[in-house]
Amino acid sequence: PTLYQARCHWTLVVLILCHLCLHTQNKARTQVQRWTAEEDIPVPREYDDLNLKYCQLQEDYVNLRQELETLRAENVKLKEDLHKSTFSYTTVKCNITQLLFLTGLTSVVFEWLITKIMGSVERIHNKLTVEDHLLIILRLGLCNTDLAYRFQVSKTTISNILRSWVPAMAFILKPVIKWPSKGAILKNMPKIFKRNFKRCRCIIDCTEIFIARPSSLTARAQTWSNYKHNNTIKYLIAISPAGAISFLSPGWGGRVSDKQITNESGFLKLLDPRDEVLADRGFLIRDELAAYGAT
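Residue numbers (mature numbering (1 follows the signal peptide of the UniProt record, and there is no 0)): -23 to -1, 1 to 272.
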């Protein structure tokens, strides 16, 4: 009997639990229906509209994301183009022809020159590299306003660079200009010279560099060149038949004649008997050369 009573009790408990579960489920279903009626949950059609809007927004997001990536890529490219358009050694060195035109040097010689003068010159402007400082000075002889515009600095900065670097470079590179011996001249003489000018020691000419008009009337008169119709500094330059610079005179005012510079620069003292000097017809120095046994 005790076992039977236990089974009955257990069956009763199960039935009560099932009843409670069914009651709770019905009550929950009734509550959901009441909430549905009170809160007006969207019908399937409105749900479809919302889903369509969501899909449209998702598509717009993807398109905007792609547009953003495109704009970022364009921004990077524009920055690169801007950097390339900036006038500097970094942009010039990539083009061998352009570097040769602007400096008269190959990249190897330019880098050698940098190492040669590095310890004797100072960096005037932090925005400019040491290579940019050297690029300002070399070859073209542009005016300060032009250089300031190209390198995006003030004219005062350009002036300070020139005042600091040019004397230092002149002192450092002066030993590079050497008067070669006759043996060195013959050894490196081009064939065309051997046939027609086998005794040629050098070719000479005077070159004039434009300068700003001096404020001093005396200096203005001394530097005025009737040939260039401007204020200039004049130099006598000699090159060997192979093309190496073998002599450079001190600077003279543009008013001085080529003959006077040749006589007073010390050039004639370097010649040996039977040397032959090539020059244009403006050099009236035949008698002066004859005094040293040259022609």
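Everything labelled a hint here was simulated from the structure, so no lab data went into it.
Accuracy of the hints is not assured; some may be wrong.
As the list claims (entries may be wrong) - Here are the simulated distance ranges between beta carbons:
| hint | residue 1 | residue 2 | range |
| --- | --- | --- | --- |
| 1 | F64 | D182 | 54 to 64 Å |
| 2 | L77 | K236 | 17 to 27 Å |
| 3 | P227 | E57 | 24 to 34 Å |
| 4 | G228 | L163 | 54 to 64 Å |
| 5 | C71 | E253 | 13 to 23 Å |
| 6 | C71 | K236 | 38 to 48 Å |
| 7 | I73 | P144 | 42 to 52 Å |
| 8 | E57 | G228 | 28 to 38 Å |
| 9 | K93 | R42 | 28 to 38 Å |
| 10 | I73 | N203 | 11 to 21 Å |
| 11 | S192 | P144 | 53 to 63 Å |
| 12 | A189 | Q43 | 51 to 61 Å |
Stated by the list, open to error - Okay, derived cross-link-like pairs now, DSS-like style, lysine-lysine, Cα gap no bigger than 25 Å in a straight line:
| hint | residue 1 | residue 2 |
| --- | --- | --- |
| 13 | K151 | K168 |
| 14 | K54 | K30 |
| 15 | K70 | K56 |
| 16 | K168 | K155 |
| 17 | K151 | K93 |
| 18 | K155 | K175 |
| 19 | K236 | K155 |
| 20 | K93 | K54 |
| 21 | K132 | K104 |
| 22 | K155 | K246 |
| 23 | K159 | K246 |
| 24 | K164 | K151 |
| 25 | K54 | K151 |
| 26 | K159 | K171 |
| 27 | K30 | K56 |
| 28 | K93 | K104 |
| 29 | K168 | K93 |
In this text, a Cβ means the ideal position worked out from N, Cα and C, and glycines have one as well.
(message) Run through the hints listed earlier and report the numbers of any the structure violates, in increasing order.
(response) Numbers 1, 2, 3, 4, 5, 7, 8, 9, 10, 11, 13, 14, 20, 25, 27, 29, in rising order.
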